[in-house]
Structures are given as C-alpha cells and as structure tokens.
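Participant: Listed in order, the protein sequences are those of chains A and B.
Going by UniProt numbering, the first sequence runs without a break in its numbering and finishes at 205.
Going by UniProt numbering, the second sequence runs without a break in its numbering and finishes at 481.
The hints are simulated quantities; they were obtained by calculation from the structure and are not laboratory data.
Quick caveat: nothing in here was measured; it's all calculated off a predicted structure.
Watch out, some of these pointers could steer you wrong.
To be verified - Derived SDA-like pairs (lysine to any residue); straight-line CA-CA distance at most 20 Å:
no., chain 1, residue 1, chain 2, residue 2
1, B, Lys-47, A, Arg-54
2, B, Lys-47, B, Glu-59
3, B, Lys-386, A, Pro-25
4, B, Lys-386, A, Arg-31
5, B, Lys-386, B, Val-316
6, B, Lys-47, A, Asp-48
For reference, the chains in residue letters:
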Amino acid sequence: MVGKAVSARDEILARLRTALADNPPPVQVPRGYRRVDDRSDVIETLVDRLEDYRAVVHRGIDALPRLLSEVDRLAVPIDVPADWLAGYAGELHRDAPPLSAAALDDLDAVLTGCAVVVADTGTIILDAGPAQGRRALTLVPDRHICVVRTDQVVGLLPEALTQLDPRAPLTWISGPSATSDIELNRVEGVHGPRRLEVVLIGSGA
Amino acid sequence: MNPPVAPATGGGRIRTPLPFPTAAKPAVADTQLRANLHRATRTIRAKRARVVDEVPDWEALRDAGSAIKADVQRRLPELLEQFEASATAAGATVHWARDAAEACRIVVALTRAAGADEVVKVKSMATQEIELNEALEAAGIAAYETDLAELIVQLGDDTPSHILVPAIHYNRAQIREIFQRRMADAPADLSDEPAALAEAARAHLRRRFLSARVAVSGANFAVADTGTLVVVESEGNGRMCLTLPETLISVVGVEKLLPTFTDLEVFLQLLPRSSTGERMNPYTSMWTGVTPGDGPQDVHIVLVDNGRSAVLADPVGRPALSCIRCSACLNVCPVYERAGGHAYGSVYPGPIGAILSPQLTGVADNASLPYASTLCGACYDVCPVKINIPEILVHLRQQAPHPPAERATMRVLSWVMRSPRRWAAALRLARAGAGPLGAYRERTTGARTLRRLPWPASAWTRSRDLPLPASQTFREWWEKQ
Ligand code: SF4
Chain A
1 MVGKAVSARD
11 EILARLRTAL
21 ADNPPPVQVP
31 RGYRRVDDRS
41 DVIETLVDRL
51 EDYRAVVHRG
61 IDALPRLLSE
71 VDRLAVPIDV
81 PADWLAGYAG
91 ELHRDAPPLS
101 AAALDDLDAV
111 LTGCAVVVAD
121 TGTIILDAGP
131 AQGRRALTLV
141 PDRHICVVRT
151 DQVVGLLPEA
161 LTQLDPRAPL
171 TWISGPSATS
181 DIELNRVEGV
191 HGPRRLEVVL
201 IGSGA
Chain B
1 MNPPVAPATG
11 GGRIRTPLPF
21 PTAAKPAVAD
31 TQLRANLHRA
41 TRTIRAKRAR
51 VVDEVPDWEA
61 LRDAGSAIKA
71 DVQRRLPELL
81 EQFEASATAA
91 GATVHWARDA
101 AEACRIVVAL
111 TRAAGADEVV
121 KVKSMATQEI
131 ELNEALEAAG
141 IAAYETDLAE
151 LIVQLGDDTP
161 SHILVPAIHY
171 NRAQIREIFQ
181 RRMADAPADL
191 SDEPAALAEA
201 ARAHLRRRFL
211 SARVAVSGAN
221 FAVADTGTLV
231 VVESEGNGRM
241 CLTLPETLIS
251 VVGVEKLLPT
261 FTDLEVFLQL
271 LPRSSTGERM
281 NPYTSMWTGV
291 TPGDGPQDVH
301 IVLVDNGRSA
311 VLADPVGRPA
321 LSCIRCSACL
331 NVCPVYERAG
341 GHAYGSVYPG
351 PIGAILSPQL
361 TGVADNASLP
371 YASTLCGACY
381 DVCPVKINIP
391 EILVHLRQQA
401 PHPPAERATM
411 RVLSWVMRSP
421 RRWAAALRLA
431 RAGAGPLGAY
441 RERTTGARTL
451 RRLPWPASAW
461 TRSRDLPLPA
471 SQTFREWWEK
481 Q
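Based on the provided sequences and hints, a complete structural model is requested.
Facilitator: Here's what the structure looks like:
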C-alpha cells in the first residue's frame, strides 16, 4: 500500500499481534484470595488502622459540634445533611455555585460523608455521591472532617470494589497526606489535607 | 496482503551510556551514597515485610496478579481496543505513540492546543522514559515536577535513582541544601527536619497547583472494560494535578492494562504493600473519561509502545511486562544497594531494569545490564507479580554477544533456572560441591565464585566468574533477616 501512511494505532496493534505469533495458551486466573472478611471486629480494626496512619477518630455524632466549633470557615457539599451542621455558628460555604480553587484554599476545613470504607486498610472511599461533592472540595482545604456510618464499613478491599461505580470519579483516602521521600520516614502533611478527622456514627460506633 | 509488522525497540532514557561496572564505580566508592542507600533500603525492606506478613492470602494474591498479567499480555491487542472504546465512550481522547519521540510530540501539541506554556506533572515512569520534560522544554513549555522527591531531583539538576523514591540517594541535610540553593521561596531558617522540608515544598507548589491549566500524569493501571485510569500516590500532588487543571494528559505504556475493574481488588492489595510498605498508600485516584462539573473537562490518554512490542515478542522475556513498578526488587537487591540507581543508566534501575531496559532497546544496546546481578533470586521472591527475574537475566545473557560454548552453557543454566525447584536443587548441590553447578573454589580475594564448572558450563566459567552463594543461599539468609 504505497503512499498510504499507516496510523500509529494500526501499526502498534499489528506489531503486538506479530509479537504474539507463538500463540500463548489461555490463562486461568486462580482467585484463591479472600474476597469476604470473616472477622467480627471490623469497626475496631478500622479504628486501629485509621489511628495507625494518623487519622483522628471520634465516636458518635455528638463529637461533631465540638469539632466544628474550632472551624471558622467551613466548606460543605450542597447536600450535606442538615443535622451534621446543628448549632454550627461559623461561616458556612456551600459548593453552589462551585467554589473556586482559590476560595477553597481560604477555608479552614471541609465536612463530607463518604461512599464506603475498608477496615483492613483504613481506607475511606469517596465517589462524588451523597454528601461528598466534587473532588476539589475534599482536596484543597487543609482539614477534612469525614462522617462515616458504621454500615458503610466493609472488611476487605474486594468487598468495597463491588459497591463502586467505575464511571464515578473515585478518591481513596488512607490517612492524611504524607510523604516518605526523605530518608523513607513517613511525614504527614504535604499537598492534600494535613488533618483527617473521622467521625464514626451509627450502631456500634 | 501487507507483510506482518515487526515489533520494534524503543528510545528515550532506557540506554546505559556506560557499561554497568564502569558506571557503578563512582557510586561504590561514594561512602555517603552507600550509607544513604543502605539505610533507606533496609528501612523499606522491614516495612514491607511487616505489612506483607499480616496478609494471610499474600501468595494467593501474587498468583492471581501474575496470572492476570499473563492474560493481559496474551490478549493485549484486543484489550487495548476495548480500553480505547470504553475511554472514548466516557469522553476521553485516546492517542497512540509508536515510540518516545512520537509520544512527546503528541503531549507538546496537546499542551499548545490548550494554550499553556507550563504543565504540572505527577511522578510517572513513562514520562521519564520518553524524556518528556526535555521535549517540553525544547518546545518552550516549562514542566514542574510536583512529587517531593521528583522536585528534589529536578531542583538538584539530577536524575532519579529509584522508581519509588527518586531521591533515595540524598539524606535530609543534602535536601535542605538543595532547597536553600534553588527554591526562591524557601524560608531562610529552613531546618533539615523532614516535616519542615515537606512544608517548604507545600508552600512552593501551592500557587502553581491552583493556577495550572494542564497536568501530565502517568497511570498505574488502565482498566480495559471501563476505560478507567488509576494513579496511586501519597502526597496529594497527584490529586491536585488530576483534579484542578482543565486539561489532563496521561501517558500510559500499553502494558498497563487490566482486563476488568474487579481485577483492581488484586493489584490495589499487592502494590502499596510491596511499594511503600503501607497497607494502603494515602491517596488513590480513579477517573473514567470526563465527569461533567468535576475535574478536568479535556481528558487525553497517550498509549505508548516504545519497545514494549519487542518485549512481548520474546516468550521468555515477556513477563517483564507484568511489572507494576513497585520497586520491591530494587530494595532487596545486593547489587542495587551497592551501585545505586544511576549506574543502570536507564530510568528503570535494579533487577527490573536489568531485564526490562535491554529488552526495550534490544540486548545489543544494553549488553552489560543482564550481568548487573548475582542471580541470588531475592527479587523473584518479593516480586508481587512473580516475575522470574533471574531466569530472564540468564536468558538475556544468552543473547548478548558470546562464543558458542558459552551460549550453550547459558541455555542449560536458563533451563535450570526456569524451574524454582531445579534452581534451588542446583544451588544446594553446588554448595555440596557437585551437581550441574559443579565445584567452586574460594578465590584468593575471599569472594566465593564458581571458577570451573563441568562441561558445558566449563566453557563459560573459563572466561567469567559466576558468583555463588556461600554455605547458605542468599534466600535462606534473607529469610532469617
Ligand atoms: S519486577 Fe516485580 S518487584 Fe520489581 S518493580 Fe516490577 S513488580 Fe515490583
């Protein structure tokens, strides 16, 4: 086919097909790993793992007013449950119309919920669903206060994945921002929120 | 009918300018560097061991990870087409690059089209491999590394020396010195406390994040059935780059695919524990095309071959494409610990670099790298996707220019090493002074090496010493540590 340029796409796919000329046999993936947690103390495990990575854990919704009383300027998603804000006397900034990055940078904290939480790794997953808002909201303010209902907690990571919609933007958070780049010491606090506070609510909290 | 298109080797920063032993000399002689490396690799080895030990099904996860990647390699063309279709349907634009130069041209063109003369960057091996920063600079576009270690390396006019911790060769005092010299807004009384250094980096990059219009990232995983990209990080610089700018360009090697979103349940367990030695890294971001009103609205993905088709073409070397860049193999490698990352010349140092770089470029261009190993097997033991690195090393040594008898020897060794059982048995026999690895004798230098092997190995050891473990194997010794 003289004169007709082959696209990079077609050329790469053709190269890869040639590379597989030996016709490797089909692969059966062994999935012998745990997909469901059998431990009974999932909440205790979660608290242990969160604290191990320097998140601060508070138990019960009553902790919230005291926490928020330290916050002068608070960002919230538009659908934040009203009872989370009961008695809040500071400056409230709802994300509607969307707050600019610079405006978010001026606020002291953000209050959100979450989608699902993995106890085994102390991981909070946000999927931009109810009470979470868009990604910038939980990123720019220096302090993230996250309300976790005990019925959102699963034991293992595979259990969490089945509850997520891949089309949603997903943010997995395990402790506050940290770096191990200097002599491999973990130091909390680089670009993400330097303080992560978890308020555990619901039965068993 | 078109003739079949041959797999092609790649370009970029994947070639050793000097033979490994020559390149390693300065590092081996630098006591400060060796102390930094020793301290860092020892720390991270201990962290990894602790969090791997607490996972009862670790071996089952490794088996699954290894098999999923083998399946990806077998079905790579079809999975790439599936990924392209899913990502495109979700609003991303997919580009294809045959080699490093083409990938750089695409990123430059996209950045210009966005009207930007600077980009913020998330640490990415692929963009280092294609030498993107240099290409952007040549096009008049400033590239700002935002990962703390990458920032240290960039400010120090240096190159990374480790996959995960690019500045592993610096200690805190040296980092403070670099910041004071090159970071205009660093506080005058900056201390060398890691927290203070991190704070300085935060302040330095904050404005840049808030105003950046274009970000460039890599991806740890690309999911074929959903079109999702995944970036695993610690500091939040990744989230900043992936969330705030209007345009996001992700440079992704074609081998990064996973067939399904569910497969992440394996890799998101294997990667953090193997990499930073944490149960989970602080932040993982996943995005699928464009989400209206949330994050970048102009999303591009550049799929890069740059030699990967050549790696795929070799059935023995192919598993090198399974690598998830965790760097566990670097941290356990006695050669890496002494030589450091720069000696490997390529962006891929350590055991994985010793097998990946020569395959990406063709062995003739990196002929010394397959020898940058003692074949002790520690890398294979820690690899979360079970790449048999020693086997591939010996296989590649066969391809480097050698006399015929030597090639035959290495074929035998390669066969022995292809089975962990055969290799372990051979090492045991060698310690007893018999078997296929035959007699060894202690050299006058005190180093124990194989000097004379029975035929056909004898032809090889005549010209080359094969380092041999002492009365216990490195693996046995290692397990006791
Ligand atoms: S070869 Fe294995 S251990 Fe080494 S970086 Fe790749 S995945 Fe990690």
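Participant: When you check the alpha-carbon spacing of B/Lys-47 and A/Asp-48, does it fall within 20 Å?
Facilitator: Answer holds: B/Lys-47 to A/Asp-48 is near 18 Å, not above 20 Å.
Participant: Holds or violated: B/Lys-386 with A/Arg-31, Cα cutoff 20 Å?
Facilitator: Holds, at roughly 15 Å.
Participant: When you check the alpha-carbon spacing of B/Lys-47 and B/Glu-59, does it fall within 20 Å?
Facilitator: holds (18 Å)
Participant: Would you check the hint for B/Lys-386 and B/Val-316, treating anything up to 20 Å between C-alpha atoms as holding?
Facilitator: holds (14 Å)
Participant: Between B/Lys-386 and A/Pro-25, does the CA-CA distance stay at or below 20 Å?
Facilitator: Answer holds: B/Lys-386 to A/Pro-25 is near 18 Å, not above 20 Å.
Participant: Checking one constraint from the list: CA of B/Lys-47 to CA of A/Arg-54, max 20 Å. Satisfied?
Facilitator: At roughly 17 Å apart (the allowed maximum being 20 Å), A/Arg-54 and B/Lys-47 satisfy the hint.
Of the numbered hints listed earlier, not one is contradicted by the structure.
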